[in-house]
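Chemist: Construct the complete structure from the given sequences, taking the supplied hints into account.
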Amino acid sequence: MADLVPLYMLLAFVLIAGIIAVETHDLLSSVLCMGAVGFGLSLAEMVLKAPDLVLAGVVVEVFALVLLIRIVITRQEAPEEFVENTPTVALTGGIILSIFIGMLICFQSTGFTPFGQPLMNMGRAYLEEGVTQGVQNQVTAVLLDYRAYDTLGEVTVIFTAIMGCYALLRRQGEKEIEGNDTNS
Amino acid sequence: MRGMTLIVKTTAGVLLGFIALFGLHVVVTGHIEPGGGFAGGVILAAGLLLMVLAFGADEMRERLGERLAVIWESVGAIGFLVVALLGFIAGAFFSNFLPRATGFELFAGGSIPFADIAIALNVGAGLFGAFLMLAAYRTARGKDQTEGRGE
Amino acid sequence: MEAYLPYILCVGLFAIGLYAIAVKKNLIKIIIGIILIHHSTNLFLVLVGFRLPENGSPLAPVKPAPHEQISKAEFLARSVDPVPQALMLTSIVIGLSITALIVVIAIRLHEKYGTYDLTKIRELRG
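Protein chains in written order, with our numbering: chain L, 1 to 184; chain G, 1 to 151; chain A, 1 to 126.
Think of the hints as simulated: they come from the structure by calculation, not from any bench.
Hints may be right or wrong, so weigh each one.
What the simulated footprint calls covered on chain L by chain G, stretch by stretch (three residues with Cβ under 8 Å from a Cβ of chain G suffice, anywhere in the stretch; the number is not a length) [as the list claims (entries may be wrong)]:
hint : stretch
1    : 55–61
2    : 65–73
3    : 135–145
4    : 149–156
Beta carbons: idealized from backbone N, C-alpha and C, even for Gly.
Modeler: Here it is in structure tokens:
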């Protein structure tokens, strides 16, 4: 329990940053708090002994921050929060109550072990065979040798998402400002 | 999107070399040290993002262009599929067929480093291309944004 | 409930994201809610694979260097689960691509309607 204190501190930091990101009225502040959420989660993954996730998480968080700042800063007007009156109390209470009831049902089921004691049926088999082979990084061995189909699906998803971005950012048949024709 | 001053451009050009070197190191030693194709790919994309932010979208479109980004992304995706289909030599789809060794050598992983390089090309070039299109989109529609609002 | 405390904090983050999607009227707050839900799901699955062994500290699933003498049985008893970490590594990069796609959609919406308010986007006909 004593060596989990950094984990609890980081999770509390991420929770507070998430609440600030959702509730503040200034859009630029909420985007910066999202950067804090991503960075805090990457540090939490360092405590959870996942070094590849730390590398990818920090760089992905910086990239997402640049993307979010781009839609917040426009040239015409200052971004402002549009506050309307919605039944917030009833809706919020309903959401949180339903989530916690779902959690209670989940914790009473048999397959959900307490924190720190995973079942590891598949992980133990992969580790036992993977340690005898030549690959040192077992996470890469699982990702590219034992579970390579999932990586193929992931390559497909990334390719499709990027093609979607290209398709949405084309201008069909419109001229540019200088008068040249766009080839889309 | 305009670029920045000369100091920022020079520093970004120097830093791109180090970022690319680190990204390639993370990709190629993915089976020895923590890292791999995905982490190395996003590091390369972040280095190219630094170039787009420093030089401006127009100049980067002339130098690297989004056609090149699409071509490299497709090469990465098809390369991963070719590595998977070459596993048929050893009898099964996705089989790890190259010789393996135990120990901390660079060629100890079989066909894993080639799959890592293909994934890094796919992820890195794809994210760079998407951000380049996003940054260049604002420039060409700069004057039309005021008459595009429906009020 | 003491042993489930990290899970409860993670589900709390999920609830914050869901509240942002359901209640907020600004498009950027909805995008922030989507990203929060994605982060909480990644964290939950990495938390499931974590192991606290009785003797010693948990080990990352990387085979130790030859100059550190850890036997195979001890490594298997102290290592964390590598399968959720591998799948969440791909999930993080997929989350970035989905964020880029959502941002592109938001930019096109803002260009067409001139505002990020959802009630005005529903009223106007483009």
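Chemist: Three residues or more, CB to CB closer than 8 Å: is that satisfied between the stretch 149–156 of chain L and chain G?
Modeler: Coverage by chain G holds here, the residue count being 5 at a Cβ distance below 8 Å.
Chemist: Cut-off 8 Å, C-beta pairs, minimum 3 residues; does the coverage of the stretch 135–145 of chain L by chain G stand?
Modeler: holds (count 9)
Chemist: Take the stretch 65–73 of chain L, compare each residue's beta carbon with every beta carbon of chain G, and decide whether three or more fall closer than 8 Å.
Modeler: holds (count 3)
Chemist: Can you confirm whether chain G covers the stretch 55–61 of chain L, using C-beta to C-beta distances below 8 Å and requiring at least three such residues?
Modeler: n = 4 at 8 Å, threshold three: holds.
Taken one by one, the earlier hints all hold for this structure without exception.
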